[in-house]
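Chemist: Read off the chains here:
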Amino acid sequence: MTDDTSPEVAVIDDDAAVLDSFRFMLEIAGFRVATFDSAIAYLAGGDVTPRCLILDQNMPDMTGLELIGRLRAAGSEIPIMLITSAPSPALVARAAQIGAAYVLEKPPTEEAAIAFARGIAGLGRQ
Amino acid sequence: MADPGLADAGPEFADFAGDARALLAAIASSSNDAIVGKDLTGTVRSWNEAAERLFGYSAAEMIGQSITRIIPTERLHEEETILERVGRGEILAHFETERRARDGHIIPISVTVSPIRDASGRVVGVSKIARDLTEAHRLNRELQRREALLQSILETVPDGLVVIDRHGAIQSFSPAAERMFGYTRDAVLGHNVSLLMPEADAGRHDAHMQRYLATGERRIIGIGRVVAGRRRDGSVFPMELQIGEVVLPGVQLFTGFGRDLTERQERERRLSELQAQLIHVSRLSELGQMVSALAHEVNQPLTAIALYIGGIRRLLTSASPPALHQAVERVAEQAGRASSIVQGLRSLVRKETRQMRTESIETMINETASLALIGGGRPTGLDLRIAPDATLALVDKVQIQQVLLNLMRNAVEAMADAPVRRLTITAARAGARIEIRVADTGPGLPDSMRSRLFNPFVTTKPDGLGIGLSICRSIVELHGGELTAASAPGGGTEFSFSVAAPEEAHRPPG
Chain Y
1 MTDDTSPEVA VIDDDAAVLD SFRFMLEIAG FRVATFDSAI AYLAGGDVTP
51 RCLILDQNMP DMTGLELIGR LRAAGSEIPI MLITSAPSPA LVARAAQIGA
101 AYVLEKPPTE EAAIAFARGI AGLGRQ
Chain G
127 MADPGLADAG PEFADFAGDA RALLAAIASS SNDAIVGKDL TGTVRSWNEA
177 AERLFGYSAA EMIGQSITRI IPTERLHEEE TILERVGRGE ILAHFETERR
227 ARDGHIIPIS VTVSPIRDAS GRVVGVSKIA RDLTEAHRLN RELQRREALL
277 QSILETVPDG LVVIDRHGAI QSFSPAAERM FGYTRDAVLG HNVSLLMPEA
327 DAGRHDAHMQ RYLATGERRI IGIGRVVAGR RRDGSVFPME LQIGEVVLPG
377 VQLFTGFGRD LTERQERERR LSELQAQLIH VSRLSELGQM VSALAHEVNQ
427 PLTAIALYIG GIRRLLTSAS PPALHQAVER VAEQAGRASS IVQGLRSLVR
477 KETRQMRTES IETMINETAS LALIGGGRPT GLDLRIAPDA TLALVDKVQI
527 QQVLLNLMRN AVEAMADAPV RRLTITAARA GARIEIRVAD TGPGLPDSMR
577 SRLFNPFVTT KPDGLGIGLS ICRSIVELHG GELTAASAPG GGTEFSFSVA
627 APEEAHRPPG
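Going line by line, the protein sequences match chains Y and G. Every letter in the first sequence is one number past the one before it in the numbering used here, and letter 18, counting from 1, is 18. So the numbering used here is basically just the index in the second sequence, starting at one, shifted up by 126.
Keep in mind that the hints are not guaranteed to be accurate.
If the Cβ cut is set under 7 Å, some of the chain Y residues that face chain G in the computed set are [stated by the list, open to error]:
no.	residue
1	ASP15
2	ALA17
3	SER21
4	ILE28
5	GLY30
6	PHE36
7	SER88
8	ALA90
Non-contacting residues of chain G with respect to chain Y, defined by C-beta distances greater than 12 Å in every case (computed) [stated by the list, open to error]:
no.	residue
9	ALA333
10	ARG337
11	VAL353
12	GLY436
13	GLU488
14	HIS605
Reference excerpt, derived from the structure (chain G facing chain Y, CB under 10 Å, subset only) [stated by the list, open to error]:
no.	residue
15	GLY163
16	GLY437
17	GLY462
18	ARG472
19	LEU604
Simulated from the structure, these hints should not be mistaken for laboratory data. In this text, a Cβ means the ideal position worked out from N, Cα and C, and glycines have one as well.
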């Protein structure tokens with residue numbers, strides 16, 4: 001159940017600078033953002049229900065793909081964008097297979113991130 | 127008149143020999159061989175002490191009796207023949223036959239029979255000298271037994287045996303030596319052993335032998351050495367040689383046992399080659415991995431820069447100083463440039479060629495196991511379970527062997543102190559993929575390790591053979607799979623990954 005103060009975009013990345021710059025960029029573009037430094041932290045924040053997810057693949061403890069797998073298995077259909085430094089064909093195929101909408105190579109362009117949030121999730125103000 | 131034969135015998139003997147008959151009687155009496163005199167009817171006329179001992183009859187019991195008393199029934203015809211032939215003047219020398227002693231036991235003997243002539247040269251009787259062959263036969267049987275045993279041993283021992291004398295001439299050449307060198311025994315007997323050596327060494331052998339005979343210094347005897355042998359067809363092969371010496375009165379022989387090392391050296395050469403290949407490819411992989419890690423690390427700040435710039439751009443309005451707009455664009459440009467450099471580097475190392483071919487999983491594992499299981503104290507048990515429909519995979523062989531080698535070596539190290547050491551590798555089909563699992567019976571994987579397991583530069587081991595698990599993960603990903611670690615059922619750790627099965631379903635026959 002979303003209300004006006006619930007986050008629209010959740011960003012998960014173990015790199016503090018990347019996490020902060022995402023928040024900076026997305027908030028200026030008009031989105032409500034929640035940030036998490038690990039997939040586990042995201043899963044633990046139970047009352048947060050964002051409309052879409054931007055997710056780094058390469059994280060310790062649980063990778064992006066693993067989190068996607070968990071969420072889909074739990075029945076979540078939340079749109080997800082996976083960001084990775086090394087988008088191998090296998091990774092891309094796997095991501096598509098388990099239901100990531102996009103796989104974006106680092107460094108991502110802000111336009112792509114914004115297009116995802118707006119276009120896919122239909123969020124934010126112009 | 128002094129007997130001409132005794133003329134030079136010395137004064138004491140000459141006195142004693144005054145009475146020739148007494149002398150001859152004394153000689154017969156002290157002889158160790160039985161001496162029996164018979165007339166032409168076969169009646170015993172003289173019977174010496176040795177005959178008494180040999181046959182068990184006293185002289186009194188035998189003189190005047192027929193010799194047939196001591197002849198076994200089946201040999202009676204011999205006696206007739208002897209009498210007939212010696213009666214004609216023949217001498218029968220070392221005639222082997224048997225006689226029966228008083229207590230009934232049969233004695234093997236060798237007899238020499240000669241005619242007794244009277245003064246006119248007419249044969250009047252027969253003299254037989256008999257030697258007991260019992261002991262000789264026994265020794266002979268023992269000798270044959272030993273010979274048979276030796277022969278059997280030589281035929282079974284895979285090493286070739288060559289025996290030479292002090293001149294280097296071949297005295298003996300075992301069946302294994304025949305096979306090893308390609309000569310038959312008859313072809314080499316008597317030849318110099320340098321025949322079996324390559325040109326360069328042949329000339330030196332004689333010198334070595336001379337030096338040993340002169341100085342007694344042992345350079346190879348009892349020590350053993352790897353040398354070169356030459357076969358009949360001229361080919362030269364490596365041989366481990368052990369040499370022993372036999373010294374008996376009047377006999378000096380040298381025994382050489384040779385083991386053909388060709389196969390062993392070939393195996394070692396193949397393993398070295400495989401090792402070199404793996405090291406070479408691993409170096410390339412390490413480089414690629416380092417670049418990937420670098421790219422990944424640098425991409426983080428570049429990402430942050432790009433996103434911050436994106437945000438800053440939106441914050442600038444038409445009221446902001448143009449210089450600020452410009453500066454922001456320049457920063458963005460430079461960030462983009464840095465990013466391109468990184469991309470360029472990445473694609474450079476991604477060019478590592480992969481050759482995907484259909485390979486046998488069992489072969490890959492066994493070859494790698496030879497390297498992975500070297501140097502373990504107690505041998506590690508390798509349990510290989512390959513499903514019949516999972517025998518082949520479409521992979522880059524050397525790359526997948528790198529992965530296997532790394533996983534196996536990690537497993538062996540994990541099991542170093544384990545009471546039970548078992549490495550289990552399974553291959554099973556899952557649709558169009560083959561799933562491979564490598565499990566050990568080590569202490570298992572603590573959760574805290576799981577996250578660090580695949581990080582580059584954390585797990586690099588200094589042995590030069592293995593590469594990091596991060597490289598393994600990259601290789602597996604390039605093959606379309608994913609490398610994961612989990613706790614093995616029953617303790618220990620299990621790594622699993624999948625590779626593609628070949629397209630046409632190659633089913634092994636049967």
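Chemist: Next step is simple, just say for each hint if it's right about the structure.
Modeler: We went through each hint and held it up to the structure:
A distance limit of 7 Å between C-beta atoms decides the matter here; for Y:ASP15 the minimum to chain G is near 5 Å, and the interface restraint holds. Using the Cβ-Cβ criterion of 7 Å, the hint placing Y:ALA17 at the interface with chain G is satisfied: the shortest such distance is roughly 4 Å. The closest approach between the C-beta of Y:SER21 and any C-beta of chain G is roughly 4 Å, which is under the 7 Å cut-off, so the hint is satisfied. For Y:ILE28, the suggested interface contact is upheld, since its CB lies about 4 Å from the closest CB of chain G, less than 7 Å.
Because the beta carbon of Y:GLY30 sits about 9 Å from the nearest beta carbon in chain G, more than 7 Å, this interface hint is broken. Proximity of Y:PHE36 to chain G is violated relative to the hint, the smallest CB-CB distance being about 16 Å (cut-off 7 Å). Hint on Y:SER88 holds. Least Cβ distance to chain G is approximately 5 Å, under the 7 Å limit. A cut of 7 Å between beta carbons decides the hint on Y:ALA90: the least distance to chain G is about 5 Å, and the hint holds.
No beta-carbon of chain Y is positioned within 12 Å of the beta-carbon of G:ALA333; the least distance is around 67 Å. Once the 12 Å rule is applied to beta carbons, G:ARG337 is consistent with being away from chain Y; the minimum gap is 69 Å. Residue placement check: G:VAL353 keeps its beta carbon more than 12 Å from all beta carbons of chain Y (closest about 55 Å). Distance to chain Y contradicts G:GLY436 as a non-interface residue, since its nearest Cβ pair spans about 3 Å, not more than 12 Å.
Every CB of chain Y lies more than 12 Å from the CB of G:GLU488, the least distance being 25 Å, so the non-interface label holds. At the 12 Å boundary, the C-beta of G:HIS605 falls inside the reach of chain Y, the nearest C-beta of that chain being 8 Å off. Given hint, G:GLY163 at the interface with chain Y, is violated; its Cβ is 111 Å from that chain's nearest Cβ, farther than 10 Å. Because the closest C-beta pair between G:GLY437 and chain Y is about 4 Å apart, less than 10 Å, the hint holds.
With a least beta-carbon distance of about 9 Å to chain Y, the hint placing G:GLY462 at the interface is held under the 10 Å criterion. For G:ARG472, the suggested interface contact is upheld, since its CB lies about 8 Å from the closest CB of chain Y, less than 10 Å. Among the interface hints, the one on G:LEU604 holds; its C-beta lies about 7 Å from the nearest C-beta in chain Y, closer than the 10 Å criterion.
Comparing the model with each earlier hint shows violations of hints 5, 6, 12, 14, 15; every other hint is respected.
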